[in-house]
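Number of protein chains: 2
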Amino acid sequence: MDENQNSARQRLHALSEFLEREELDAVIIVHDDEYLSEELSPECERLRFLTGFTGSAGAFTFARSFDPARRKNETGNPKAGQEILKDAAVFVDGRYTLQVKAQIDGSCMQSFCYTDLTPSCWLCSVLPRGAKVGIDLNCISYDGYLKFKNHLAKSGISLVETRINAADAIWTDRPSPVHTKVRIFPDEYNGCPSPQKRRNLARELRERGLDATVICDPESICWLLNIRGRDRHCLPVVCCRMVAYSNEALEWYISDDHFDDNIQKALETHVGHIDIFPEDRFDEALKRLCASSASVYTDPQTVNAHVMKTLYEGGARVTEGLGLCLLPKAVKNHVELKGEYKAHIKDGVAMCRFLSWLDELTCPLKAQSDPEGYVRRVRDTDEKILADRAESFRKVEADYIEPSFDTISALGSDASMVHYSYLNSPNPKHLGDSPLYMIDSGAHYLDGTTDITRTVLVGPGFTDEMRLMCTLVLKCHISFATLLFPKGTSGGQLDAIARRPLWDAGCDYAHGTGHGVGHLLSVHEGPQAVSLHRSSVPLEPGMIISDEPGYYKDGCYGIRTENLLVVQECQRPGMRHMLCFSPLTLVPIDTRTIDPKRLTAGEREWLNNYHQNVCSVIKNASGTLTDSEVSWLIKATEPI
Amino acid sequence: MDENQNSARQRLHALSEFLEREELDAVIIVHDDEYLSEELSPECERLRFLTGFTGSAGAFTFARSFDPARRKNETGNPKAGQEILKDAAVFVDGRYTLQVKAQIDGSCMQSFCYTDLTPSCWLCSVLPRGAKVGIDLNCISYDGYLKFKNHLAKSGISLVETRINAADAIWTDRPSPVHTKVRIFPDEYNGCPSPQKRRNLARELRERGLDATVICDPESICWLLNIRGRDRHCLPVVCCRMVAYSNEALEWYISDDHFDDNIQKALETHVGHIDIFPEDRFDEALKRLCASSASVYTDPQTVNAHVMKTLYEGGARVTEGLGLCLLPKAVKNHVELKGEYKAHIKDGVAMCRFLSWLDELTCPLKAQSDPEGYVRRVRDTDEKILADRAESFRKVEADYIEPSFDTISALGSDASMVHYSYLNSPNPKHLGDSPLYMIDSGAHYLDGTTDITRTVLVGPGFTDEMRLMCTLVLKCHISFATLLFPKGTSGGQLDAIARRPLWDAGCDYAHGTGHGVGHLLSVHEGPQAVSLHRSSVPLEPGMIISDEPGYYKDGCYGIRTENLLVVQECQRPGMRHMLCFSPLTLVPIDTRTIDPKRLTAGEREWLNNYHQNVCSVIKNASGTLTDSEVSWLIKATEPI
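These protein sequence lines map, in sequence, to chains P and D. Everything in the first sequence is counted per numbering that gives the first Met the number 0, starting at 0 for the first residue and increasing by one. Everything in the second sequence is counted per numbering that gives the first Met the number 0, starting at 0 for the first residue and increasing by one.
Only chain P is shown next, with the shape it has when bound in the complex (with noise of 0.2 Å):
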């Protein structure tokens, strides 16, 4: 403690000289890395670095030259408990409001939520008029930038970029960059090779009158060039940019030792020529295009603001939009759901193993006759053993690469914690004290990736309220499986639906119904999605999404039942115009913790179903199951 205590202090002194010598008064460091992605790698976990906290979304000010006598508001007082007392702040949203708390040194900064103070507030009220605030534009969207810098004029304060990002600056030992190798992803698996994915991207180009498209987003090249790589945690990418060009040109822009001598003739097979250039010589590119007036197209949501504001204040025509690769990276293709669907029965096998083996091990049902035996059993069992568990049945499956996400593996009151990880906490709870066990996991197959969330019975203590809400978030999960929808509906139109049994108890939940899920990319995929943001993209046949309603009671426990759905048309005669939802995973969801009464027939009816689907498909496919998994499996899938 005294240690960390120390070294974050340490840390502000060294952003202090840093300021003075590039003479500024402070500085804002935002969470965001170059490519504007919420998933960092260790080189760029900037506020990590800077103040403990570990969530995945928040900003950091500094002020060298720190006012108590502005402590105040200058447009009124603060909010009870929002006073600034001290040089340095953290600003996060609801979801990371405790966890900041305990991971930061509260002596030397605090910590705030966004909507009691804003970090341009924040500053503006301890910097007088005339101040200079620094800022890395390499780490934030060009919208982002614009606020902060709009905000900030109003009280007569300058925002500035900085040479360096401040935390690099003062970051002795910072991880060097992990650069992987290129390896391609065989067109057996992703359908479409990628001279015909280039051949659409550079006559959309030519359609929309555009001579080039700016690329920043290691995704969407990973996806074009039909590569992959192992740069970040549980995202198979490599960190590279691009220009593509209404001609079918590329330019590459990556690093030299994302390859060795093989790689590079592959490739030329695999994708055809690219000009390819070290990563740093990516602003010729912009001043290129700049210097011919191109006619640009970028989406300020992966671009960041470095870039943009190179491209508009160099004179390059530019359109913003959403990127030109998302929409035909989120609809797959007919080789990307069948290896979708061979993925999730490998998930399922491995997730019903693990669900088979719980059982055995806490036997929920017998623990209330033998509370004693039940606690000797399982109180060796924390948080971290279940996840390795569930990971170890997924490793052995084929093609098998790695967790799309960091598992979440949580107990009781662990579950409340919508984004709770064992891995930041300094006591991961054991079997033993809790009914419920949540656990939201998923995998990287060569085929396909996987997201699933479970909730089940675990020990004894399952309350009449905790059936109750099992069942009504199980309602909100079937309500929204079931929709039927014309084309044209977005992600964020129906999200309510999914809400509405849970609504009508005057309960709700703190997150999205759903986000789109990439093949062999992000877990976490745009543009469509089932929440209030982000969510205007009509959902189209062919795309994925998550269907994981929840509900958290704070410090008591969480339940979310999260399946993956596939957009398909209906295939009802005279309903082809309406669109509906398959489910892709396949995997028991636990009626012990479900009310039959409070479900209509329908919904019986559609969990019967999809138990049977379930265990027809698990059990034909798979020779890996035991006997005794498939008398669970059985058991399991019977009809309520």
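Treat the hints with caution; some may be incorrect.
Same chains, same names: a pair is fine if it fits in one copy or spans any two.
Said to hold, decoys possible - Pairs of lysine to any residue, SDA-like flavour, derived with a Cα cap of 20 Å:
#	residue 1	residue 2
1	Lys365	Ala168
2	Lys146	Glu319
3	Lys146	Pro595
4	Lys85	His12
5	Lys148	Leu209
6	Lys153	Ser294
7	Lys146	Tyr311
8	Lys486	Ser530
9	Lys486	Thr380
10	Lys486	Asp92
11	Lys308	Arg198
12	Lys148	Thr625
13	Lys153	Leu209
14	Lys148	Tyr311
15	Lys486	Gly505
16	Lys394	Tyr311
17	Lys365	Phe461
18	Lys634	Thr623
19	Lys153	Tyr311
20	Lys148	Val565
21	Lys153	Asp210
22	Lys596	Ile639
Hints listed in this document are in silico derivations from the structure and should not be mistaken for laboratory results.
Put chain D on the given structure of chain P with help from the hints.
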């Protein structure tokens, strides 16, 4: 017909001369007026004057230097049927594609649906590089103007502001604007004296660090000053503009002839001191704001491009956002709500008397056995007579002012046109040849504004399909009316919930589920709405919203069931964090068109409770119902 053709050609000829004088190659004229409102006064019906088209949205383009050789869109072939053959075109949305064809002179102009061809694509297709297109910036939003400008610029075409609207320049017998007298709207009806509203507005400006706001929508100004007028058809306002300052000063820009000797004094008492200027001096106010670099708040939805451009280019510091009067105007106070309840009782009495009269005339259940007697009885009654009759029952109610919109009175296939008006129909239908009659109507009373739709049985020929669709529309209506939802939820998030029963049958309706309603102001009032557009504003207690799902079978029939609802806090124990709806409208829903077997127990209970309430309130409220009207009411509200 010949005369109409002649005059259309003559107008295009005059337009061509105007363009020649102004050295322009083409012109865009949009439907909106200087206040960007859809509901136009006669002198602003420019699209109708130029083309004969009477819809509530659209645009017109005319190219003097029309070049037949450039007919094809530069960036590709136009879609089938979208070839440009004339030098004039009208652009409409999906609601009006049939109507526009029937109304314009096809020998000299074409019509297009926006989704097939936009006005700017049309202009780019027919004009050479270097061409100049004129536009009246007073009649378009700033965003709309920038979009046009940028699109045209890509084809080397410039968009320039005309001194005068091109339509006005050639409109020799253009009506004078109607300027009615300002009327005090007494505090006993508005529930919040104007000086209080003005203080609140000034405080809001100060809290946001703003110097002033420019208000260009007459509804906000009339609300703020607690006045009304009769300048607009069905919209009881006076046309005017305003600058409101953070020190509570108000500058009101309004034509002199809105006042008589008495009103100025009464205003001073009612509102406090205001500086009144002629409306044509509004530009001077803008220049003053620019000269002082004032920080000015504007709502780009209601402030036209001329004003926005003047502010932006003149050096004012502009903040754009939702007009500052909109939310307080939308959230009705207790006095306003009490008035709305009273107005809806009167409106309920009137509609019950109308429906009782209609039932006695048509006796639809007996019509089958005596078809000739039926036809003899009803054949002289057309859609206009029905609408007038409904209004006649309203006119006798206390404090009736005027209809709140043009009544949609539609028999049979006419009802399948969502925005049908018998006023624009050459042959309004008569009773006798369709089983269903839809009436969507409402009124302004001094105490409130109403809007109700009922679809009722008026003759033989009612099919099983119609019964199914009437039942599904009712299920949709109930699905929305019974919603419980958390605070912070917007109408846009709830729209799909109303649609689900129709979606399940593969059907939908091509309009929003509901709109806000003003208090003796516009019957279509924002900022809340239950639709995909314009509806990210959270619903708040006190807001009024319509619930009007429908089903429209082209050329056959149309069904809609509409009540107005008030947003309320849920009163159940422990549920105060949730919101719900309470119906304002008090008129029976025709149970003869409903299949009770298709309703759930909960839906039947809702309908029976609603009818019980309608019956008891209307019976008790009115001394004017005859015995036979009371008998009708009792029968119409019998439980099913």
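Against the structure, the hints come out as follows:
no.	hint	verdict
1	Lys365 <-> Ala168	neither (59 Å within a copy, 89 Å between copies)
2	Lys146 <-> Glu319	both (17 Å within a copy, 13 Å between copies)
3	Lys146 <-> Pro595	neither (51 Å within a copy, 55 Å between copies)
4	Lys85 <-> His12	within (13 Å within a copy, 73 Å between copies)
5	Lys148 <-> Leu209	between (30 Å within a copy, 17 Å between copies)
6	Lys153 <-> Ser294	between (33 Å within a copy, 9 Å between copies)
7	Lys146 <-> Tyr311	both (16 Å within a copy, 18 Å between copies)
8	Lys486 <-> Ser530	both (18 Å within a copy, 16 Å between copies)
9	Lys486 <-> Thr380	neither (48 Å within a copy, 41 Å between copies)
10	Lys486 <-> Asp92	between (34 Å within a copy, 19 Å between copies)
11	Lys308 <-> Arg198	neither (29 Å within a copy, 42 Å between copies)
12	Lys148 <-> Thr625	neither (62 Å within a copy, 69 Å between copies)
13	Lys153 <-> Leu209	between (36 Å within a copy, 10 Å between copies)
14	Lys148 <-> Tyr311	both (16 Å within a copy, 18 Å between copies)
15	Lys486 <-> Gly505	between (31 Å within a copy, 11 Å between copies)
16	Lys394 <-> Tyr311	neither (48 Å within a copy, 61 Å between copies)
17	Lys365 <-> Phe461	within (13 Å within a copy, 61 Å between copies)
18	Lys634 <-> Thr623	within (18 Å within a copy, 69 Å between copies)
19	Lys153 <-> Tyr311	between (23 Å within a copy, 16 Å between copies)
20	Lys148 <-> Val565	neither (42 Å within a copy, 41 Å between copies)
21	Lys153 <-> Asp210	between (38 Å within a copy, 12 Å between copies)
22	Lys596 <-> Ile639	within (10 Å within a copy, 26 Å between copies)
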